[in-house]
Amino acid sequence: MAMTLKLNGTTRDVDAEPGTPLLWVIRDELKLTGTKFGCGVASCGACTVHLDGEPVRSCQTYVEDVEGAEITTIEGLNSDISAAVQQAWTELDVVQCGYCQSGQIMSAVGLLSETAKPTLEEIDLYMDGNACRCATYQRIRAAIQRASQIMEA
Amino acid sequence: MTLNTSRRGFLKSAAATAAVLYVGARPDGAIAAANAEGAMLNPFVKISSDGTVTAIVKHFEKGQGPATGLTTLIAEELGIPIEDVAYEFAPSDAGAYNNLFLGPFQGTGGSTAMANSFMQYRRAGAAARDMLLQAAANAWGVDASTLSLDDGVIKGPGYEAPLADFVAAAAQIAPPAEPRLKDPSEFKLIGNEAVRRKDTPPKINGTATYAMDLHLDNQMIAVIARSPRMGGLVAGFDESDAKGIKDFIRAAELPNKAGVVVFAENTWAALQARAALAVDWDFSAAETRSSGEIRDQLLAAVNADPEYNVTDTDQAAIGAAIDKAATVLDETFYFPLLAHAPMEPLTCTIEATADGGVILHDGCQFPTGPHMALSQILQLPMEKVQINTLFAGGSFGRRATPTADYQVEAALAFAVTDRTRPVKLVWTREDDITGGYYRPAFAHRVRVGLDGSGNIIAWDHRIAGQSVMKGTAFEDFSVHHGIDHSSVEGTSDTLYTIPGHFVGLTDVAKATSVLWWRSVGHTHTAYVMESMIDMAAKAAGHDPVEFRLDLLAGGDTDQARIAGVLQLAAEKGGWGKAADGRTQGIAVHKSFGSYVAELVEVSGNAQDGVQIEKVTCAVDCGIAVNPDVIKAQMEGGIGYGLGHAMRNEITLTEGAVDQSNFPDYEPLRIGDIGAIEVHIVPSTEPPTGVGEPGTPPSAPALANAIAATGHRVTSLPMVNNGVSFS
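Chains H and P, in that order, give the protein sequences. Count the first sequence with full-length UniProt numbering and you get residues 1 to 153, in order. Count the second sequence with full-length UniProt numbering and you get residues 1 to 726, in order.
Next comes chain P alone, as it looks inside the complex:
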């Protein structure tokens, strides 16, 4: 049996052949199946009459691995080699492909892709297998329980045939209500480190198509001149100087006055024409503050009584207990705005269809949002808007905005044309770095009281920053009693046993557009928690690992699991056994359901230059579906966390962003981290997140390692706060 695993045209060819087995789920979760004429056109797995199996992947691929992971689940339960399963990205259909953790939304985020799909895709694969086996059993006159499907071949006593022989018959069989899922002992692919990424081949020879690579016949390139100050509006513009530029088409004010769109026949002409454009801006509603003012405001907020009592504990009593403590630690932290800067700048294309609708071609992270936005802006019914999801060149959160920001821009640009030509919106790196939607700036002030024996007796923790979720469609999801959980996650729900724990939050006014950024609130809360715990251990005269373990000894599963990764990282990383001239720091944090500990070993010191020699990571994310992908996500999450903590910040001067491109928003480079080693804790628990949880412990582990050389960093980035790197 020869299978073509890269048939991108399969959707069309499948529709043309009569015998196809589709298996998916109804909105209520029940297994549904159909043949080619069937009503259910949006399945999780399709099997054509020649035996070609295609997994329909409902999560977009930004490098975090769902193209491999969800395909693994289908292949595992179906009983076919993963190499023989093709995959396609799902169309936009929130009824069929919603994220089970996010309700009626189709989208990827919160490190949920595997966690929410694990049973769903296994059930679909298992149901397809049961139906194929039943069809073979019917044909052979045997009981289905005597048959097996392995490596794409159905076998029974005296019988053997490729699954392709039974696709047509299986498509006529009612799907099982409860397909038989494999016992973990039967897994061949789940947990198999030898499974390779499905998306490697096209990504190493230049054939992978990202949204930036799309080139439709007769397309126009659109770039947008945006206000140099956040929130400025177009007052007028002059395109005279652009008119002489070859291949420039025209410029037009966006209907919402947020910018002037420049159309050209190609990208270079569009960029030149934009540079030649003269735009008058109305700054009356624009942000005029500078970063220093925003910082002062945040620091003032954490030194005042907070707006919200997150823990519902007695702040005054806890404060009084700290005042009377034998030892008091009092530290203030500050975290700057950060850009996501995914490698592929934002881009998408809108194309008109023959029936009067449109197709959005996009590395689309959250299809439901842009689907609704395009429907509204272009005044098209939802069914006239299709989304073609392409590979995304990274995201780290940036491609999913509650406002569908760049897709809205593309729609507004398309709306000012006659809608005959495809419009490809292109952002440059400068657009990206200056374009808002940053990780919000946050300040924390923490006072910790220790008794004479070094035990924590009270903890007063105040947080101030701009809420990511308030005022968005996700408000109901994350904001309760005024408290945006994403501002405080990792503090009030810490797994450490802390008596007298108060957490307060103050939301500050909007300064820029802000957004979730790889691990959201944990980006700052883990830094604060793990720095403070380290300082408390030092004040108590205890070993930082032992001190943490003592606070995690309550005996519940959560504490046992987080203690487990802490011990594993300490053991594998040689805690306490740093080579001469090196120091170590450790941090551990739970986020997105997963437990991650990281041990950072550095050489040098803050003044002469720190070199990160090695990071040892231990992760417990439940069943490790694709262990090598998990390791890659930890490696990447660590790099992302460390690079930004070392040297990145977005600053504003009178409302204008000071940074513009990689030279002044310097990315992590290859020589910055000597080595990373990842260890996965074996588990039979359901899978939890891996895209984000590697990030939170990395920066505090580094800070703790540097602190061991005598310099404690409580404001980021480190390079602007007394640390140089070799």
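So that you can see chain H by itself, here it is in the shape it has in the complex:
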């Protein structure tokens, strides 16, 4: 089925069967592989993208439901908030294996878009669905707070 998606500021024509998770359209058809496959059941957050600015799990979002919405992947991040998050991630060397980090960053940008100065409790609550098997959580927390500082400056 032919569809048109608004993705990262451009429109993309895709051919996908209804019921196909957005994740696989992004990865296999559009070949944007920064969005990761981790569990397929919205339990790890590695596949997080933004839908009209809100983080969603693309593995449990069907392609036919997102026509017309603005989809942003890690490759399309382009805001003061995302720049602050990526700068903080660099300063603190948050990543280890890095496989979950696209999703962590998409969620962190979502959090800071809603709450510019989150408390540790707010960070833990918001980021709870983003698993990191390397357990980089201490640095994720610190980097979100650092990004908040950078945004303020």
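If you are wondering where the hints come from, they were derived from the structure by calculation, not from laboratory data. Each statement offered as a hint is correct.
Partner residues are not named here, just some residues of chain H that face chain P (Cβ under 10 Å, in silico): (1) C44; (2) L120; (3) A131.
Note that the structure is a prediction, hence the values are computed from the model and not measured. Glycine included, each C-beta is placed from N, C-alpha and C at the ideal position.
Please build the complex by placing chain P on the supplied structure of chain H, with the hints as guidance.
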């Protein structure tokens, strides 16, 4: 001088330019060097005529840091900023890139990446520097000893030029037999906390390529339907229901009958087609036991005389001494099967080359194994098999199997095609959680006798579990006189002075495929040792830190170093000064050459909910090459150890795995640990492991903290043994 540090195409471009300096080592360890026409094509460092320096990293990057660490060594000795050094992963060549601690194998494991590379990569960098300096000295007519190379610039009295000017000349000079290594006082990068990870930039903008991200032209996706019971074989299958699925190509039985491979044009179609497949299984050789039976078998084994006497001590005499002791502790422990569950599910791609060979694209942990396996299965000579190592999304041991399990699957799948299209094998999370290769289940029973003054007088320790190493290519490495050292490591070689120490081992029959799992035997032995020592301290009425220090007072270096981390963790973590409503537990353990102590502080209690408030870690791993990477590995190792101890286990019902994905194999989450603080002991000793040693002390430190609230946990996971977490 402008250097491009992210030129992934450098290998090809370097081959096209005449002036390149390669420096590496011969199999006997001697420094070898060559120019572009030279014979040695697999070096540790390459310097092109424009001055671009590339470190060739022989260990794969799963997050533990060798891309940064090995590059640091080259940059340090060469005298150039680390930002100006590019890196590439080495091809599969066990002659050039073997792990010096594992013999003729190229591979990453046992927390050896830095330890085995430290001198090798420094020597290569130093030799390249000496050759560049000699070339400049020749050109300027001065003595090389008057020259220096710093920040990529060669300087001498009245002279100054970028190193690029001398690459061509240096490539014609014989390498020094013994390059001058920097004195530690000259280090600018080694030990420098400000050095940043080399792999951060591509991992925060989505450009890092993991094996799962590879998309080759005309590739097919392969997923495999595997037996729901361990060891079942395909009896037949029906693909009728898959035929209507768009982009499904076909299904085929794997030549070894271990599964049915489904080929499709894309991943989603492959997954749907697999779900539509009907497979008949032959379970006659399959595992049919349930976890409870395996557990009973292990517990029975530790209550009987063990198969092996590990310590070669007098079990009967030690048992008799315990029977007569003033106080006897008698505890039984049980540890379940555990999956590794790296974030990136297993995957690799096999691509045919124009010359009739193949390339394996893989986050390849142990290239030599899959290299040989592909050669055998695809009936290709070794030189026709290449391995392209990509970033790996975690491993924790899972990507290195003695059987090269998933690479073999990919090869078998590729073998049933006409070999014209690349085949990308994809595992799902369900495949991963149910796919075997678990940390084996283990039982321990320990009886400790204390005299009237609280001194340990005898210790009877029996261990039962499934050997990881027996029957594998690593058997000779780890199994001696029938005893798999990886089943008992951390017990018989404990650094505590224990009089009358007996350790016995019983190997139990295979129930599932098992595998090393971040810190291997130490995952269970440290838990038992550090729980028992804590219980002994309590029985003796002594402070747990003081009690341990008394057992480590023998005066040898090993004991001094482990006592050092124990004292540092106690000091930095405020041992004995927990806030109201909080309790503390401590544990210390040596593994992979490194000494790690961890102090866990919790609030709450087992019944109402425990919250891990803070973990304070002290580590002595010799020279800390990249201190911030070491801290990250401790943080991660602690999280990995605690998360699994809290709530993870793999169970079997009639040979089928009960868990399937993260909802029932719940990973550690961000709120589970309040804070982690890591302190590194300054050292001039050679570097030792950091990837694994953070894990062993974490769970027993938590158990000891919870025990201080009145509940001792001797079976894991904790959530199934009387502990709730907030």
